[in-house]
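Asker: Please take these sequences and the hints and turn them into a complete structure.
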Amino acid sequence: MNTNMVRLRKDTAPGRPEFAADCRTRHRQKEMKMEWIKCSEKMPEDRSGVLLWDADIEEVISGHYSHKTQLFYHHGHLIENEITHWCMPPQPPDGG
Numbered sequence: 001m002n003t004n005m006v007r008l009r010k011d012t013a014p015g016r017p018e019f020a021a022d023c024r025t026r027h028r029q030k031e032m033k034m035e036w037i038k039c040s041e042k043m044p045e046d047r048s049g050v051l052l053w054d055a056d057i058e059e060v061i062s063g064h065y066s067h068k069t070q071l072f073y074h075h076g077h078l079i080e081n082e083i084t085h086w087c088m089p090p091q092p093p094d095g096g
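The sequence shown maps to residues 1 to 96 in full-length UniProt numbering.
Hint data in this document are derived by calculation from the structure and do not stem from the laboratory. Please read all numbers here as calculations on a predicted model, not as lab measurements. By construction, the Cβ of each residue, glycine as well, lies at the ideal position given by its N, Cα and C atoms. The hints are all genuine.
Label pairs and their calculated CB-CB ranges:
id: 1; residue 1: S66; residue 2: E41; range: 17 to 23 Å
id: 2; residue 1: D94; residue 2: S66; range: 27 to 33 Å
id: 3; residue 1: P89; residue 2: A55; range: 15 to 21 Å
id: 4; residue 1: P93; residue 2: V60; range: 14 to 20 Å
id: 5; residue 1: Q70; residue 2: P92; range: 25 to 31 Å
Answerer: Okay, structure coming up:
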């Protein structure tokens, strides 16, 4: 049996916290119909609040893109890490 396959199964086995977290994330993305857009294909509207994929830390963060500077910002601070994808945030819940 291929040892890479064994390692992959071990790393993604049900019961491991990482597996559960990954399943929850995928489920939420399907529910919200999140569509990640490659920055190489299209940039967000100027100063529109979006979700960003920070490839350096492998996390989703919030921020906006400035057409003037052609850079991403988070709470007014320049994001120096590599942002590879973005998507619109989900709609707020109904009712309140």
